[in-house]
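Taken in sequence, the protein lines are chains D and C.
Residue numbers for the first sequence follow my numbering, beginning at 71 and rising by one.
Residue numbers for the second sequence follow my numbering, beginning at 71 and rising by one.
Careful, some of the hints might be misleading.
Copies of the same chain are indistinguishable here, so a pair counts whether it falls within one copy or spans any two.
Under the rule of at most 25 Å between Cα atoms (straight-line distance), these lysine to any residue pairs were calculated in the SDA-like manner [said to hold, decoys possible]:
#, residue 1, residue 2
1, K248, P270
2, K333, S208
3, K423, T94
4, K450, R401
5, K450, E400
6, K450, S398
7, K248, S318
8, K450, A161
9, K311, D224
10, K450, D404
11, K450, V231
12, K423, G393
13, K333, P425
14, K311, E160
15, K248, K333
16, K450, P425
17, K423, R402
18, K248, A156
19, K268, E357
20, K423, S398
21, K423, A101
22, K311, D414
Since the hints were derived computationally from the structure, they do not count as laboratory data.
Protein chains: 2
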Amino acid sequence: MTGASARARRLPNIPATRPEPITTPELAPGATIGILGGGQLGRMLALAASLLGFKCHIYCPDPQSPAFQVSDAYTVAAYDDEAALAAFAEAVDVVTYEFENVPEETARFLESRMTLRPGSHPLAITQDRLVEKNFLSSIGIPLAPFAAVDGPDDIAAAVDVTGLPAILKTRRMGYDGKGQTRIDSLDDTQAAWERIGKAPAVLEGVVDFALECSVIAARSTDGETAAYDIAENKHHNHILKWSHVPASLSQETQDAARALGAKVTEALDYVGVLAVELFVVRDHDGERLIANEIAPRVHNSGHWTQDGCLVSQFEQHIRAVVGWPLGSAERRADVVMENLIGADAEHWPDIIKEPAARLHLYGKAEIRPGRKMGHVNRLK
Amino acid sequence: MTGASARARRLPNIPATRPEPITTPELAPGATIGILGGGQLGRMLALAASLLGFKCHIYCPDPQSPAFQVSDAYTVAAYDDEAALAAFAEAVDVVTYEFENVPEETARFLESRMTLRPGSHPLAITQDRLVEKNFLSSIGIPLAPFAAVDGPDDIAAAVDVTGLPAILKTRRMGYDGKGQTRIDSLDDTQAAWERIGKAPAVLEGVVDFALECSVIAARSTDGETAAYDIAENKHHNHILKWSHVPASLSQETQDAARALGAKVTEALDYVGVLAVELFVVRDHDGERLIANEIAPRVHNSGHWTQDGCLVSQFEQHIRAVVGWPLGSAERRADVVMENLIGADAEHWPDIIKEPAARLHLYGKAEIRPGRKMGHVNRLK
Chain D
71 MTGASARARR
81 LPNIPATRPE
91 PITTPELAPG
101 ATIGILGGGQ
111 LGRMLALAAS
121 LLGFKCHIYC
131 PDPQSPAFQV
141 SDAYTVAAYD
151 DEAALAAFAE
161 AVDVVTYEFE
171 NVPEETARFL
181 ESRMTLRPGS
191 HPLAITQDRL
201 VEKNFLSSIG
211 IPLAPFAAVD
221 GPDDIAAAVD
231 VTGLPAILKT
241 RRMGYDGKGQ
251 TRIDSLDDTQ
261 AAWERIGKAP
271 AVLEGVVDFA
281 LECSVIAARS
291 TDGETAAYDI
301 AENKHHNHIL
311 KWSHVPASLS
321 QETQDAARAL
331 GAKVTEALDY
341 VGVLAVELFV
351 VRDHDGERLI
361 ANEIAPRVHN
371 SGHWTQDGCL
381 VSQFEQHIRA
391 VVGWPLGSAE
401 RRADVVMENL
411 IGADAEHWPD
421 IIKEPAARLH
431 LYGKAEIRPG
441 RKMGHVNRLK
Chain C
71 MTGASARARR
81 LPNIPATRPE
91 PITTPELAPG
101 ATIGILGGGQ
111 LGRMLALAAS
121 LLGFKCHIYC
131 PDPQSPAFQV
141 SDAYTVAAYD
151 DEAALAAFAE
161 AVDVVTYEFE
171 NVPEETARFL
181 ESRMTLRPGS
191 HPLAITQDRL
201 VEKNFLSSIG
211 IPLAPFAAVD
221 GPDDIAAAVD
231 VTGLPAILKT
241 RRMGYDGKGQ
251 TRIDSLDDTQ
261 AAWERIGKAP
271 AVLEGVVDFA
281 LECSVIAARS
291 TDGETAAYDI
301 AENKHHNHIL
311 KWSHVPASLS
321 QETQDAARAL
331 GAKVTEALDY
341 VGVLAVELFV
351 VRDHDGERLI
361 ANEIAPRVHN
371 SGHWTQDGCL
381 VSQFEQHIRA
391 VVGWPLGSAE
401 RRADVVMENL
411 IGADAEHWPD
421 IIKEPAARLH
431 LYGKAEIRPG
441 RKMGHVNRLK
């Protein structure tokens, strides 16, 4: 395996076909689930797995990982530490991941030894915006106009496709608004290229959307799919702040979004939970969905399921990963999820007094601006 | 402190008044909660505490404790190991317990150093059936007729109080039907005394009850109380098998049971969750409640709250222990809880296919007859 800096510069080598996976039969309670990544998503996956009688072993380079506090075992090591990865693989019965930037080599290394669910293939696709967009287009899912940008001189031609304004985004390693910049004029191309760090990029047309939403979909080893009700999402400083369920969308649009989510899981031959972020455009023809991006993991906009459903997205993911049938995605309450970002978490003394609110905190010791500290689900 | 065998023979020295407690202010998320006992109740308390951002440190002599799997830290040591207890007290911000047979000396040792919630006083009362019955009588709660039995020669006089048949129960260390025997005839007194191990005992009249139920009540450091809806309980081989909520009781009886639960918490100056097991007698006057016993802890008949309420009994207990306001005890669904005892747990592959069922397994490696392996909450 190569070091992190080499990885960041290299473009992915995406397989034309998915490698033949090592298959694991349905796991029984008592088995150990390995989770790559020890953040809040890994923590909530571990909590959900524990309710079903599984043990969890977290692998994360950060010695302060929140998921360690609730797990049976953990490994603090780099994602390119082959000895640590090999020992981890020996210690667990199946591996999953909580974040989409697991290095592809790490995923392949594990996949060559054991069952990784979802596999390296969804990572390879979603770690590169251009590849992801080509994939979504190939299965007929509408997108904003886009074009590849490999240097500043490509931008003018790309603008012919996207129009202006447009957003220049690095193909790799962008999240929460990082690695992207807006272009309003062709005079700005060189500066924009510098602003994103001169990395291979995609130019995207700006969508004049009425609202943003997301679908959380799941697929089991048997190919069964399920999708939760659609969340309407509101961002603040490019970070998700609120998810409302039900979304203020026609039933037809909600059904279309759920079907879209299921379709993505099928086209990826996916096992586990994923999210597709969507824009909703309203015009004289009604509502239309435009896909933004895929997150091949449990997702912040699905946190409402913890208190709005019998089976949360976290339990759903664990069920898929251990080869169990999916649980019901039925919604049992109206929910508004609010993210507690940075100093928002200091409001816990008020939140715990609200009769219909459920507080979820992630066990992070230090409050930092923009850091996701917790969330609250308010039920109606 | 004394060894276990000495403790079992010695009668408790119950204080006339509660010792002045060491008080801890409201704890903030990130604090560490110490839990005495590492069984399934400790495990579910730890999971609930984690959702609120607390860390848990479990103290239990059993190196295979299920709660260890989901906790930040644990201590394997005997309950009379003063050095281990002292180190535990140093490592945590507050201590609670998951079982009522925590040795009173252990509780006092910790209480002299830090905040123990609930304290040693409820343990002292509930660890001795006679003391517990006298306490309940003293606050006006109806009981089956009872009398103390300190030797076989006391039984005839006790039968004058209770009538026959009656149940002879050891004053201490009985649970799930252990340490008790039925007496149908005065000819059986010597044999009955031997069957219960010749230990100080109480004779109880047999109640001709229509059904068994329980109230789960909570009290905060501020003296606020809350009680969940009443569960109707069905036992099998003296072990709880089913809890149904709502119970098939008049609203008046349910309200009376909830009030009874709150009254017990107040009379004990209690902080945390407790259960009172109740018999319901139906006669020409209608329904009457008769208290059976108090469990000074979260209780199996409250497991339905995990999926039937926004705030479960486990979160409620943690809220009280850390000095937070109580959460809402409102019920949001009809629930039937089924305990998975021994080989029942082997039915998990069927249970996970039920759309309205939520499986909870405790991470116990070995199935043994009569062992509580998990439970399932079925919602309507």
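Same-copy or cross-copy closeness of K450 to V231 [CA-CA at most 25 Å]: Neither: 45 Å inside a chain and 53 Å across chains, both beyond 25 Å.
Intra- versus inter-copy proximity for G393 and K423 (alpha-carbon distance at most 25 Å): Cα proximity of K423 and G393: across copies only (12 Å, versus 40 Å in one copy).
Within, between, both or neither: K311, D224 at alpha-carbon 25 Å: neither (35 Å within a copy, 70 Å between copies)
Within, between, both or neither, where K333 and S208 count as close if Cα-Cα is 25 Å or less: Result: close within a single copy only, 12 Å intra versus 66 Å inter.
Same-copy or cross-copy closeness of K450 to S398 [CA-CA at most 25 Å]: Both: 20 Å inside a copy, 13 Å across copies.
Copy assignment of K311 with E160, given that the CA separation must stay at most 25 Å: neither (39 Å within a copy, 38 Å between copies)
K248 and A156: within-copy, between-copy, both or neither at 25 Å Cα: So K248 and A156 fail the 25 Å test inside a copy (33 Å) and across (49 Å) alike.
Up to 25 Å CA-CA - S318 versus K248, copy category: Classified as neither: same-chain Cα gap 28 Å, cross-chain 58 Å, threshold 25 Å.
Homo-oligomer pair classification [K333, K248; C-alpha up to 25 Å]: neither (28 Å within a copy, 56 Å between copies)
K333 and P425: within-copy, between-copy, both or neither at 25 Å Cα: For K333 and P425, only the inter-copy Cα distance (22 Å) is at most 25 Å; the intra-copy one is 38 Å.
Copy assignment of K423 with S398, given that the CA separation must stay at most 25 Å: between (31 Å within a copy, 9 Å between copies)
Homo-oligomer pair classification [R402, K423; C-alpha up to 25 Å]: both (23 Å within a copy, 18 Å between copies)
Against the hints set out earlier in the document, violations occur for numbers 7, 8, 9, 11, 14, 15, 18 and 19.
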